[in-house]
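Dock chain to chain to rebuild the complex, using the hints, since each chain is given by itself in its own frame.
If you read the sequences in order, they're chains A and B.
Residue numbering for the first sequence follows my numbering, beginning at 1 and increasing consecutively.
Residue numbering for the second sequence follows my numbering, beginning at 1 and increasing consecutively.
Don't read these hints as lab results, they were simulated from the structure.
There's no promise every hint is true.
Claimed, not checked - Among the chain A residues that face chain B by a calculated CB cut under 8 Å, a handful are:
no.	residue
1	37
2	40
3	42
4	46
5	58
6	62
7	68
8	72
9	130
10	138
Said to hold, decoys possible - Output of the computed footprint for chain B on chain A, the stretches with three or more beta carbons under 8 Å from beta carbons of chain B:
no.	segment
11	25 to 36
12	115 to 123
13	563 to 570
To be verified - As a list, the in silico BS3-like pairs of lysine-lysine whose alpha-carbon atoms are at most 27 Å apart:
no.	chain 1	residue 1	chain 2	residue 2
14	B	49	A	138
15	A	205	B	141
16	A	341	A	192
17	A	205	B	416
18	A	207	B	416
19	B	358	A	138
20	A	207	A	292
21	A	555	B	154
22	B	416	A	562
23	B	205	A	41
24	B	141	A	138
25	B	450	B	337
26	B	337	B	358
27	B	49	A	205
28	A	205	B	144
29	B	386	A	45
30	B	550	A	138
31	B	550	A	205
32	B	38	B	49
33	A	45	B	552
34	B	358	A	207
35	B	549	A	138
36	B	49	A	562
37	B	51	A	562
38	A	146	B	141
39	A	41	B	552
40	A	247	A	341
Cβ atoms here follow ideal geometry from the backbone N, Cα and C, with glycine treated the same way.
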Amino acid sequence: MKKYFVTVLILLAYQVAARAQEPVLMRAMEDEMARSMEELKLDGKEGPYYLSYLVMDSYQLSIRADSGAIIANPENHFRRLSINLRVGDYNLDNSNFLSLGSTSQLSQLLSASASLSIDDNYDVLRRQIWLATDRTYKNALDMLDKKKVSIQNTVQTEERVPDFSKGAATSFFAEEASPAIQKDRWIQTVDKLASLFPAQPLIRKSKVTASVTIKNSYYVNSEGALSYAASRPEELPAVERMQNDIKAMIQDLLTTRSAPVAEDYSGPVLFTGQAAGDLFVQGIARFLSGTKAPLSDREQISSLLGPMSENPFLKRINRRVASNFISMKAIPTLKNYDGRKLLGSYEIDDEGVRGQDVQLIQDGMLKNLLTTRTPVKGFNQSNGHFRGGAPVPSVIHITSTNALSSEDLKQELILAIEDEGLPYGYMVKGLTPPSEVAELAGSNLLAGLRSQSGAPTATQFTLTRPCSVLRVYPDGKEEPVRGIEFRSLNISALRNIVATSDDEIVYNYPANAAGSAASTLGSIAALLGGGMLGGDYYSTVITPSLLINEIDLKKISGNFEKPPIVDPPMAK
Amino acid sequence: MPKQAVHMIVTGCFLVLSVMVSAGHSQDISGRLEVMQKELNRNFETLRKEKAPPYYMSYSIDSVRTQFVTGNFGAILNKADNKSSYLRVDVRTGSYHLDSSHELRGSSTSSLLGRLSESIPVPIYESPDALRIILWRETDKAYKNAVDSLARVKSQQSLMVNEEDQSDDFSKIEPLTAMEEPIEVSVDLDLWADRIRKYTEGFKKYPFILSAGGSFRNEIRQKFFVNTEGTSVSVPTIYMNLQISAVAKADDGMELPLYLSYFGFEESDFPSEDRVLADVRSMIETLDRLRTAPLVEPFTGPAILSGKASGVFFHEILGHRLEGHRQKSESEGQTFKKQVGKQILPEFLSVIFDPTIKELYDYKLSGYYSFDEEGVRARKVTTVDKGILENFLMSRSPIENFPNSNGHARSQPGRKPVSRQSNLIVHSDKTMSEERLRQALIEECVKQDKDFGLIFTEISGGQTTTGRSSPNAFNVTPLVVFRVFTDGRPDELVRGVNLIGTPLTTFGKIIATGSEVEVFNGTCGAESGSVPVSAVSPSVLVSEIEVQKKSKSQEKPPILPPPTTTLRSIRQETK
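The following block holds chain B by itself, in its conformation from the complex (with noise of 0.2 Å):
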């Protein structure tokens, strides 16, 4: 089976519900940390002893509490509060520079079997002796596993060919203590419940309107980390998020999603009610103008990415490929491992990742954490410096040239961690207003001949592969687009095509960036999970892009009316 590497980044998607409730024991950090540490030094004396002994162990707790509460048309489906606290043990035998972890050559099966019995439930409620046995026991599983690994990964060193990249597997790092107190917020659900009625209420009115709905999330997370180097961290981390989607469906068959999504780290950085109640109204209205909108057919040709669709776009097509641990594995596409130091984007553009800042022209950044999933201090990245590329986002795991982590392992609770991306900043040295790039794209389509261009204004989200066995593609699916005419007709709403692409091709066609700069909060999912990301970017004239049909459904509306007899046109209601 050949390795499929897809990654998504997502918003208005509801993940599964899950749901709980929480006692009031307050965590013990230090505590805690002390019998993870304790436990961990018990058992590396021992095993050390063994005949294939390991030279690094790590534990890595997340307790995790969530609280949930999702609706539908103004009444509630879910209500949750729930804590959950996954463990991820990591036993490496070898050394730093072969260990147990090496990539084994085409063998994806295993390693999928091998993902899905990662995470390991503990205890939510202080509970000291069995933290101790569940430690003890996933050590051993962990240890015996190590050396079955390296044993097979030895094997394949002198059956097979010379690996490109010969870098160590694992870097040296200064071992480094932090504690930070956990974060005890506990918001009102049951206010939030009647935010959710309130604010998916008025999709009832609309009957084109066939699903509509919104959810709130809390999520608090304590990480507790230790290793056999003498690191040693316990750190909170905390996101919330208010989203809301509705669903129209054109006559003939096409649904036609628009989502609002707010991130915040607390309750006050949350719009007013009557903000958000202003932001549903505008949606319906679109939706209502998209369900009647034409359709595009498949062209070619310039195009305007809002801010917003330009940080996806960037976080597909270059973002992905600047994962570290994807400059390795024989099985990747490597679109940049050999481009360092030469130009891969116009001069003009920058593209920076940085964990550290939680906000950035008072957009708040779900790509925040302090501490990365190795335990190693977070830290801001310029990947590529006026168009050359300088650097790649690192974990542990070393890559040619390219020796040390920089803080960006991440997973979600209890997965093993990979390089991933924080927070994306596109910074642009050539900007000019709004209004000037929109005459650019003018004069662009008149250059080329054709008699309009596109602006995407609204995205839900894209995915790419980077893989070597399936063409190195990205697709970014648009919400909102107009059609910008060169004639000076206005603007006009159109429906039906998702943005593609392959991803070199198209960084040599940015030709200019607009001055309004946009964020997208998402949630970003590849092979250690999800994480939390966001991609800040001003907008972007392309000189060309590609658009394909998008797929539609092939039900008809439905056959009876609403069963609510007090519907109202939407035309006297936005008037």
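Chain A with its partners taken away, still in its complex shape (with noise of 0.2 Å):
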């Protein structure tokens, strides 16, 4: 079964602008968190040494359409409000730990987090912020006394990293989003673009999703006061556009509906446009973020956690990580590139760090890695890329110094191909998004599942299906192929970058669902941080296509569900 898949999303630039009148709820969360640092303290212990306080106001609007019509369009105003509370000190505090005593750890976690209300109710606000900080307040401490008995209990292999580093003060206003959408006007749109399914009789299934987000942050922490805020919708491709987009993508689709099946294959593939996005958001993504392990009271899920969420780079600094030829960097203030927007793009993050430009490779060597105000050993100083509860990529730049035309890069493949000795090779257009993945799956709980355990050590990644692939032959004919699939991947295949383009995608992608395991586990680091889950939040990549050799790819086995038995309704 076949699936397309098209996301309209529209998402907000940051605006910097005067502040007119503190807002309501800004004044709410000070005035509390004044309070909470001078009073809050349980007799015989000590109080907070950090406290802040996040709160997003998002309203959403989701549109879906499925074989044509709309089944859903839910909208949603709210604020949510997450808490980073720590006691003890910067050098040991009650974070990152995970804790499986007799007090349910997800109720304790999710305590730091709580609906606010959406009227701007000062006392109300206060006192729902007021609830929530003694909670919070209450687990912190347990869990600070559980961390220290765990530490004393178990030897330490290595050198402890301080839990948290020391911030500068910053402040950063703008202009609150007015929350107008015109709603009537995305269903018309989303209505336009999916009505071109049904007169395709041979489509089983066809979706078509808009998502509107206007999200507006309020942060406040006891070390220093920033508020920001914004967006303003930015302008979508016109309808038409998209509808010419879709039409081709039906073309495309019964193209491969009739398309030989692919056989085993191992040799150079070449990920073209969305395909190396695709490679970078379900694969690379992840290693560029400095995340440790979190300690745990239970030696099973230490051992669990520990090789997944170590990222391997870490000990890596220094050392070749990909071809030599390629370079990446975190550019998080850029908000335009080449006439797109930038949709990862921010001034500061969720810690109140101004979002700062990493080298995160240079000619193939690892230089630094994203980091947040949890330290990581190596990397004691935050860059800015605390969002959601961990560090997340921005907007990351992937350059190349053997950039060829896309006609010579192909040529590039055919002499790989020629080398191995292969009779044909492989072309990527784009890989199954993974929110679809989890879709057939039945549930995204298996779907994570089954995702993580797929990916066994600490250096490999799973890809989704490819739903558009060409086999290149050396004469360069090209043909569609379909029921193939990647084996796991290693991250070493950076190493293995031959060539890349000359032209560049610039890919934005939601950065909460990459569906892979880095993302369940994200949730949880999140969770341990301090964060929050369900954010929007966007990440940014802007690169070539990259041909990589020795890449592994299976025939798709198992039983395939035979066609339906009676004709389509639209066949005539």
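What follows is the structure in structure tokens.
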């Protein structure tokens, strides 16, 4: 069963502007914070040494269409508070510790966040923040005690890294975005796009989704105050252009449907355009973040989480991790590139740290990682990449000094095929979105578990099935194939990049929907780090097409469902 | 994994919030039914030529509009107006006697996964082409599953011991056509938001009230049902709900919730703002008394259950055990299967289920509906007549000696229906005044040499298990309990207990009923999802009940006082 997917996203550009008047919400946050820092203290215990409140005021509209008609268009406006409260000191505090004691860890973790009223009612907001802070403080004390015991009881093989780094006070204000979305207009747009499908009797399932988000963030911490906010709906391509894209996609789909089934393969693969973006999102991205494994009082948990949340790149600084003509750089504040809006762009991260440029890979050598105020060994300072509770890519630019025109790149692929003595090679144009894979599997949870079990070691990752693949023959002929998938890949694939294209794709993606094992673990890490789940964060990668050697593909095995017995209703 | 059957009735529980907006397309009822009917016939005709042909198919679509607002302490948390539409496709291969729906013994995980994928979202606006495609696609899926299931059923039949109940898998029924126009009611959510603010604002003043919220919900459904026997039904339902809840925390950490719950079919069914505000005030007063009320130790002895409490009590201990399919399943306890025609309750009690009435004694009843989820007309069923078990609640899944449906197949939109409860009505021929009933309680205490008995007035709900693999117990969660002393001391409000017991032992201990009838409107959760139900009952005197300690939070009350400085003592307020 083939599925096609169109996602229309509107994202927000941060708008810096003078603040006319302090919002009621900010005032409630600041006042309750001041009171908590001064007075919140249980007898015989210490008060918090650090406290921050982050409130996301989100307005979301999500429109989904199936087989040509809208099946849901929920609209939601809510405020979510997340609290990062730390007791102890910068060196040893309650964070990054996973306990499976008698009380439910999950409920404790969830207590660090709360729903806030969407009315600007000062009294009520303060009351809600008060109760959530109280809960969080008590849990923090409990966690710190347990963590201290756990450290005492276990042999520490590695030198301890401080739990938190000091930050400088910053402040940043922007105009509040007003939640005015033209719902009817969006419904019409989705309707226009989706209605192209029913006329195609051979397509069993089609989906169009549009999600519109307006997000205002309000942040205060005990070291200095800061607030930012913003948004302005970006211009989408004209409906006509999107309609044309869909028509092309339908055509592509019909071609693939009748394509021959592929066979097992090992050799060079060219990831063009979107597929190169997908490769970054599903595979490479998580290796760029400085994360460490949480401590735990249960050995099983540590051993389960350890190899997967400990980034192997932490120990590879100044070593070769990619071909010598490849460089990668994070540029969080870059708003536009080549006329395209970069949705991963921001000024200030969720810990109130300014987003900084970071040279991650220089000429194939690993130079740095994306960091937050939670230090990891060798990385003591934040470079402003804390979003949603963990280090998350902002705008990542992949550059190459071995860039070829798309024609020459294809020629390079053919050379590589001949060099390997292969009858043909593969060009992958796109991968199935992870959200679709989850849906196919029946439930997100199951899919999440499956993809985790598919990535047993720290250096491996899995990719979703390609949805558009071409076989390339030595004579240049291209032939669509179907029924093929990737075997598990290793991050060392970056060292097998042979060449890149000279054109680039700007690829915006929701950072929390990467769908890989990393995102499940990221969620846990986010909670342990005092972050929030389910925030809407976007990242951007700017990448050329990548020609990579030694990629393994295999024929999809298993029992395939037979085609429908009854003819489709539109067929005449 | 043993199969767990837990059934709960709750109120005051805010479920997952979803939010929406409507567009002004009005539904073309007969048009949509026709699209469904045509696609059903087209698929049926072709599939009948297959080697394993279906003998029955149905499509059921529920179009739901939900308007919703929720708030807390005088401010709004969430407001929504949402449309959704869910499809369920039923394809049966085999025959009425043995078909693909037959219970597969000993498989619980696959049925759980099956349940997850049951409800299929379909277009929320008129879109015949898209609807046809989805119907076609889902029919194919359902057909293939049916073929697969039947093969496994047949293999079990030959490999496993015979089942006790050899009745058919599906009953025959006369086709019918019914069409009622959709209800086009749109409540003013801003107005309700203002009311929620008003109703919940007062809680702010009391430091011991940790959380307080209110919600209003208006849910309108239009059901579309067609099957290959020729039945075609489209009927609307509407439910409106106002709930206010508050939780006080006692010094020992125990959380003490109270709820106000109002139900209606239209806005005029709801009490005036002044009335609600008065109820809120008295709720605050009770909360204040509750948090300093003494704790009750585990106890057995006589008790009175108020009408609401005994309604839930009957729903749990009797109602769930009268659901027809539970008499057939080999994993169920089947408490009453062999009791038909026998005395199961005292002879002054009758228990009737009547989904066809919207109100009784001035109470609105949320278990009302006109057609069930299998397109069968709802019917009044006398299950227990003067203590004698007469009948079960039946869907089209027959059980021994009860071959026909009585219109009790229910489910939440998109889920597979099973027999469920509707409006449960307890009728008593032996009532006495509440004063006299209280006296009888004291007499019973004296007889049993107890210093006190209990009166349960407010409850939040209950739960019961009916399966074989776990003890068949029930649990009712009381919110307000009084101790009644034999020595003439005034009644004393107490806290900290749950009412527990096992069903068969408890039935024999009902001694008398009072004259005051109350209704409990709530939501009942079981394998086919949440369905609105009600329970109407007089208060009852039970010679022996058992209470156990309620679990309590170990968390201390907040360290800092509430941020607002406008606190007043409740004593001054309520004087």
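Original post:
Hint by hint, which ones does this structure get wrong, listed from lowest number up?
Top reply: Hint check: 1, 4, 5, 6, 14, 19, 20, 21, 24, 25, 26, 29, 31, 34, 38 fail, others pass.
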